[in-house]
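Novice: For reference, the chains in residue letters:
2 protein chains.
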Amino acid sequence: MMIDDLVAGFPPDRLVRDPDVLRSFAHDEAEWAPHGTPVAAIRPHTAEEVQAVVRLCLRHRVPLVTRGAGTGLSGGANALDGCVILVTDKLTAIKEIDERERFAVVEPGVVNDDLGAACAERGLWYPPDPASSPWSTIGGNVATNAGGVCCMKYGVTRDYVLGLQVVTGTGELVRLGRRTAKGVAGYDLAGLMVGSEGTLGVLTEITVRLRPARGPERTVAGYFDTTVAAGEAAAAVAARGVVPSALELVDRHCLAAVDAWKNMGLSADANVVLLGRTDTPGALGEHEAAVLLECFENAGATWAAQSSDETEANALFAARRLAYPALERLGPVLTEDVCVPTQAVPEMLARIDAAARRHDVVIANVAHVGDGNLHPLLVTPPGDENARKAAQAAFEDIISGALDLGGTVTGEHGVGLLKQAGLTRELGPAVLEMHRAVKRALDPHGILNPGKVFL
Amino acid sequence: MMIDDLVAGFPPDRLVRDPDVLRSFAHDEAEWAPHGTPVAAIRPHTAEEVQAVVRLCLRHRVPLVTRGAGTGLSGGANALDGCVILVTDKLTAIKEIDERERFAVVEPGVVNDDLGAACAERGLWYPPDPASSPWSTIGGNVATNAGGVCCMKYGVTRDYVLGLQVVTGTGELVRLGRRTAKGVAGYDLAGLMVGSEGTLGVLTEITVRLRPARGPERTVAGYFDTTVAAGEAAAAVAARGVVPSALELVDRHCLAAVDAWKNMGLSADANVVLLGRTDTPGALGEHEAAVLLECFENAGATWAAQSSDETEANALFAARRLAYPALERLGPVLTEDVCVPTQAVPEMLARIDAAARRHDVVIANVAHVGDGNLHPLLVTPPGDENARKAAQAAFEDIISGALDLGGTVTGEHGVGLLKQAGLTRELGPAVLEMHRAVKRALDPHGILNPGKVFL
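Protein chains in written order, with UniProt numbering: chain A, 1 to 455; chain B, 1 to 455.
Calculated from the structure, these hints are not laboratory results.
Errors might be hidden in some of the hints.
What the hints assert, rightly or not - Covered stretches of chain A (chain B as the covering partner; in silico rule of three or more C-beta atoms under 8 angstroms from a C-beta of chain B): (1) 104-111; (2) 146-155; (3) 189-201; (4) 337-348; (5) 413-423.
What the hints assert, rightly or not - No farther apart than 20 angstroms at their CA atoms in a straight line, the calculated lysine to any residue pairs in the SDA-like style are these: (6) K153/B to G155/A; (7) K153/A to A239/A; (8) K153/A to R214/B; (9) K153/A to G215/B.
All residues carry an ideal CB built from backbone N, CA and C; glycine is no exception.
Please take these sequences and the hints and turn them into a complete structure.
Specialist: Written as structure tokens, this is what we have:
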């Protein structure tokens with residue numbers, strides 16, 4: 001029996017069999033995605049223990065689901081019946097920060113903000129900043145190729161992963177990638193692991209590139225009557241060739257939910273708030289802020305200004321970050337994550353409005369609108385099955401709209417379970433077959449998070 | 001017979017059977033790499049014709065070697081006996097440049113500088129700039145994940161590839177990747193194709209991200225007595241957290257060879273010239289130039305100054321670009337391409353010197369020294385078999401040195417044939433087995449450039 005081998009193979013503090021704790025490990029934050037019941041969870045302390053877990057699962061042909069903080073929004077870390085859950089919460093060492101070469105070597109369970117703080121102490125910066133950064137782990141960020149707010153200027157997790165240590169689907173502990181600035185020695189297998197959602201290997205160590213710390217940002221805020229008008233402002237910024245360090249959209253549903261929860265005293269004067277930032281120093285930064293302001297005003301902002309009060313600006317960004325958990329308090333939230341070309345953003349936002357009306361669903365909007373990555377959040381009253389069906393129909397309409405406009409079904413959350421049908425539509429049969437072939441090649445026994453991403 | 005099917009299947013202008021022309025297609029610029037004799041070459045005009053070639057090769061189990069401009073330096077495009085060579089020189093359309101979304105869609109045979117010129121007309125910029133940019137193609141750049149001069153600040157080809165159209169090893173014509181700023185829909189198969197040297201698919205279309213055109217650069221030049229001193233200056237720049245837009249090393253062997261060829265009147269006062277640039281505007285750019293100058297002087301520059309004459313600075317950069325072809329005129333050149341951590345650059349340059357002395361080989365040095373990517377060029381007199389053996393021994397010593405210092409055997413040229421032994425040392429058996437598994441998955445009949453990269 002698998003469980004006997006786990007008991008025999010690991011110290012008792014590594015193993016979790018308590019059903020209540022196991023239940024808490026059985027799903028991520030994608031409330032709408034199904035999940036099964038694991039037989040056990042294990043909390044390895046070393047790469048070698050991770051390897052031992054994978055080898056046990058191989059021997060018993062038991063599925064292995066790896067889990068960071070469980071902040072995923074697509075069900076990628078959800079349990080399968082009879083699986084083992086590998087939890088990375090004991091793999092939290094920041095093993096090295098090299099200030100001169102500007103890279104960090106971390107274990108997968110390190111929380112994003114903890115790495116950020118350690119870097120900041122040394123005048124360095126790890127840019128990827130998903131809204132979940134106070135909780136989510138670098139391992140989970142790598143598994144989903146997480147994005148965030150500053151990614152429109154600085155790139156996503158993929159752009160920062162230099163090297164990985166991984167346990168493969170055949171139980172080997174290997175190093176992929178490099179520590180040097182450049183390198184083309186063989187296939188980019190480290191890159192292939194990024195965003196593969198635990199289906200091709202289990203991460204045991206991650207080497208990420210760092211940047212020098214940046215200077216302060218200037219914030220430009222605008223109020224709009226409609227998401228579409230705010231989207232037009234964002235499209236105009238992109239068309240002007242300015243790349244802000246942030247360009248975020250938050251609507252009144254989100255602001256109200258955050259305010260109700262945190263009592264931050266957020267202004268409710270606007271239906272939609274657009275928040276732009278530039279971190280470019282000097283005159284060029286002033287110019288960029290002026291372009292943002294001009295684009296906001298030309299698109300019909302009811303109010304827009306360069307912020308003279310960074311405390312207020314930071315509060316608005318904090319509200320944007322809290323939008324998802326704040327809405328979750330109101331009922332089951334179905335999160336969208338489409339990404340469309342920047343010039344298609346106004347049309348996509350209009351289609352989201354239309355889907356909300358057509359299906360009579362409350363859709364709140366937050367968006368990394370600067371890079372076309374929209375997060376309509378479909379909110380339904382708890383226990384209302386009809387509302388749930390309506391939301392599901394709206395969700396499908398939004399996916400259709402994104403594909404129709406040349407977009408993708410997932411910009412940064414990953415496929416997990418929620419986007420599998422969308423993925424099939426986006427990729428088509430020949431590319432799906434390539435996925436299956438790569439999966440068979442690197443996980444020949446199908447033990448690594450099977451049934452996720454694609455079928 | 002394969003050849004009968006090629007004659008029957010394609011208009012006569014697509015097919016090359018003339019032995020002299022075939023010979024010219026049988027190898028790239030890696031003069032030391034072996035090559036065989038192809039049965040034919042084919043110059044498709046469309047993606048569908050490329051697909052037809054792949055399918056013919058599949059049917060007959062004939063190896064297919066894809067070739068851009070043949071400027072490769074590792075033998076990656078070298079012919080195998082009995083293979084078909086697919087030449088991309090008729091696939092030269094720039095199909096689309098989207099100014100607002102900032103991407104370009106090109107056929108693989110488009111020359112790098114031609115794309116650059118088309119972008120410049122629209123106020124846009126495609127950064128990857130290998131020294132071969134006047135001749136090399138975007139397809140070849142993607143196949144090798146080409147780097148260049150500005151890559152230390154702006155990244156390599158991989159960082160600009162958004163999407164690809166590819167004919168797979170099973171003869172399917174598929175689209176990989178996306179056109180949006182972000183996207184995590186499935187495995188990063190587009191990224192996997194980049195740098196795979198024609199072993200996983202044949203490119204038929206490439207979508208690259210563009211940047212807004214940048215402003216003028218400031219140049220700081222320094223003269224040094226030794227490569228090691230110049231390397232110390234480069235390491236100091238990296239340690240200071242400044243990322244120049246270029247930091248190039250050229251030694252007197254290269255300058256003399258270029259001058260002898262092009263009569264550019266280059267200064268020969270220095271053993272080693274270090275060329276730094278910053279394109280950061282305003283006061284920060286001035287500061288960065290001052291840091292470069294300070295680092296040059298502190299490392300013992302015999303002369304250093306911010307250039308007041310950009311014509312002279314451009315001439316020095318042009319000389320750096322011409323170093324390889326200029327040296328080739330003097331005899332067979334064996335090109336190294338190691339990349340080491342920036343702080344190990346002085347030590348690596350010292351080891352290159354030591355290898356030259358130990359084996360009595362002339363080693364010229366050019367280097368993207370800012371990112372640790374060194375190109376020692378081993379020059380031997382034509383026809384001197386002993387010198388050739390000595391150069392080969394020095395080449396192996398340099399590879400050992402790079403691995404010993406935590407570097408990689410190839411920073412930007414690719415593995416091809418010349419670095420296969422080095423790759424085996426760098427990756428080890430388990431990672432090589434992953435390569436073989438991925439290759440079998442995507443090219444199950446082994447027809448795509450077999451025997452290259454790894455065995």
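Novice: Taking the hints in turn, state whether each one holds.
Specialist: Verification of the supplied hints:
no.	hint	result
1	104-111	violated (count 0)
2	146-155	holds (count 4)
3	189-201	holds (count 7)
4	337-348	holds (count 5)
5	413-423	holds (count 6)
6	K153/B to G155/A	holds (14 angstroms)
7	K153/A to A239/A	holds (15 angstroms)
8	K153/A to R214/B	holds (15 angstroms)
9	K153/A to G215/B	holds (18 angstroms)
Checked against the numbered hints given earlier, the structure breaks only hint 1 and satisfies all the rest.
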